[in-house]
Amino acid sequence: MSKVMQSKTAKTKPLKSKAQPATPAIDVDLQAYTSEVEEHPYQKDPSRLSAADKQRMHDVGVVVDDTAQRAGTYLQVDQSVIHSKAEQEGVEVMGTPQALEKYPWLSDYWWKLVNPEADKFTQYANTHPFKGYFIRVAPKVKATYPVQSCLYIAKHGLAQNVHNLVIVEEGAELNIITGCTVAPVKDEGLHVGISEFFIKKGGKLTFTMIHNWAPRMAVRPRTGIVIEEGGVFLNNYICLKPVRTLQTYPTARLVGRNALARFNSVLMAAEGSHLDVGSRVLLEAKARAEIISRAITTGGTIIARGFMSGQVADAKGHLECRGLILGKKGNILAIPELEGTVAGVDLSHEAAVGKIAEEEIEYLMARGLTRDESVAVIIRGFLSVDIEGLPPELSAQIRQAVELSEQEVM
Amino acid sequence: MLEVEELTVKVGNKQILHDISLSVDIGETLVLFGPNGGGKSTLLMAIMGLPRYDVTHGRIMFKGEDITHLPVDERSRRGIGILFQRPPVIRGVKMRDMLRACLHGREDGDAIDRLAQKANMADHLDREVNYGFSGGEVKRSELMQLIAQQPEFVMLDEPDSGVDLVNISLVGNMINELLERDRMRSRTKSGLVITHTGHILDYIDADRACVLLNGGIWCRGNPREILAGIKSHGYEGCAVCQK
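Read top to bottom, the protein sequences are chains A and B.
Counting from 1, position 201 in the first sequence corresponds to residue 201 in our numbering; the numbering is continuous, with no gaps.
Numbers in our numbering are just positions in the second sequence, counted from 1, shifted up by 1000.
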């Protein structure tokens, strides 16, 4: 698996241009999308949504028929909040426009972790009507079940504009499952999503996001996270379905001692998909971080980035990126970056891009598995990132997402 | 059970084995001695059918069928199993999943846990296959897989190398189970065992032995007598003795 493939023609083939980027960035024309969309009615009982819509939501981990095992639910279709409800005391779930109105102090959190002038997408988000979820868990409250949210696009050609805010107060704990997806007949669209997460002293947030877009969708999330002393942020990102272009690069600042951030990504790119996915961690205190990504291409392009900056002594971080190229096409560019600005930081990385080692396939075949069965076992293992501290229910959700994609790979 | 007839094997451009003939009967265990680089592992790999081991002459008969050109998995499904000396690490795949694959649907309840307990590997079930395993753990992992797989013909490539004194009897017991060495009459399992040191012979009661030297077979006979000869005269003694 870790054997790096080398091109036989590398020595003889002249470079076309020194300035040519290895994987050209994909531009998204904002003019091609509309922000005009009709309002969808509020659903007091989300189980009354259509079976097709419910199935799409279920595929990204959002269950609406029985929400007994959820601490809260937020459902947004296009630009309408069609359901939002908290089921546990100390947990708040509502749309961000409503929250900003209810709590004027939220201005201390709004656009504080993402710069509205960062690029044209943040500018767009800042200047157009938005929705999004506000989820807050009160000090010392440990949410028993996860809060789930679904960002759903139903209208063709829509630019969905979302601005989310999550606040985990001191000593509180919360799991969030976010599923982003489109209606079954959905064709083309853009999702712009600003997310700002605040994890206060001793707080813990496990954030699991499953993306399940469509082959002609453009997706531009922009995310900032701040983690205070002793705070924990576990981020699990799963994107296994085709998407035209997706670019995300959340930045986590660890500002307090003993803060911990862990980013796990599981990515798959079919032909026609372009994923530019990474995580950036700034260790501004004696804290720890880990970035782990698994990328499989069956014909698409994946840029797997990771940036870690150790800015105080004894800051510790590890970055790991492994990529598998299955089939003849496909392109993976792994860019692990480490920066140390003082002595005493402890940062490391490992990256490997290649194909499945023949020796591993033969090993399984010697146990009686066919070649296809052997490859399936190896791929399933490759994608099953060990996620420490993840509730079994979330693990099951991720396993389900991986299993749904397995057949497509084979 | 197994008949190897005049087998010649190449790896890359290099001929490793020349005209090897040997047979293993039902219920019998044959020991292969020989120095490093003598071709022992190559013979096992060629019988297993790994593609890098190219049979250029001769044939391999298993239960009366010519399997010389069958793929690895077909041979495995016909009842051949192998303990690899240096198996690959498979990142991400858990020991438990590997054993499940070896069981081929014969998993009943806690079969995997019982097996792991027996191999003293219960705490390895959720670890990645062979990742960070010690020499002895690799052998026990391989033996667990073979016991799950239940092959009729078992090839063991140095099952005793790297195994400490505490675990050697455990490994010996697992091999005896695999080869049904505790049965006299109704034994159906056969084995082909490579050993360098002969340590494993204290635990398994092998029937016959031969010495593989410079790509050919030089000596056949009683395992303990041959081992004693090698210990006193070295492998060179085998070559001289045969002349």
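Rather than coming from a laboratory, the hints here were simulated on the basis of the structure.
Be aware that a few hints might be false.
Stated by the list, open to error - Sample of chain A residues with no beta-carbon within 10 Å of chain B, all distances over it, derived:
no., residue
1, 255
2, 360
3, 362
4, 384
To be verified - To give an idea of the chain A side of the interface with chain B (calculated C-beta under 8 Å), a few residues:
no., residue
5, 105
6, 106
7, 110
8, 357
9, 359
Since this is a predicted model, take the numbers as computed values, not measurements.
For every residue, glycine included, the Cβ atom is placed at its ideal position computed from N, Cα and C.
Status of the hint placing residue 110 of chain A at chain B (closest C-beta pair under 8 Å)
violated (41 Å)
Since residue 360 of chain A was said not to touch the interface, does its Cβ keep a gap of more than 10 Å from each Cβ of chain B?
violated (5 Å)
Examine each Cβ of chain B, and state whether all of them lie more than 10 Å from the Cβ of residue 255 of chain A.
holds (33 Å)
Proposed interface contact between residue 359 of chain A and chain B, which counts if any beta carbon pair is under 8 Å
holds (5 Å)
Was the hint right that residue 357 of chain A lines chain B, CB cutoff 8 Å?
Holds: closest Cβ of chain B sits about 7 Å from residue 357 of chain A, inside 8 Å.
Over 10 Å to the closest beta carbon of chain B is the bar; see if residue 384 of chain A clears it.
The claim breaks: residue 384 of chain A does not keep its Cβ more than 10 Å from every Cβ of chain B (closest is about 6 Å).
Next item in the hint list is residue 105 of chain A. Is there a CB on chain B closer than 8 Å to its CB?
Not OK, violated: residue 105 of chain A not within 8 Å of chain B, min 45 Å.
Please settle this one: residue 362 of chain A was flagged as non-interface, so is its CB more than 10 Å from every CB on chain B?
violated (6 Å)
Does the CB of residue 106 of chain A sit less than 8 Å away from some CB of chain B?
violated (42 Å)
Hint check: violations occur at hints 2, 3, 4, 5, 6, 7; the rest are consistent with the structure.
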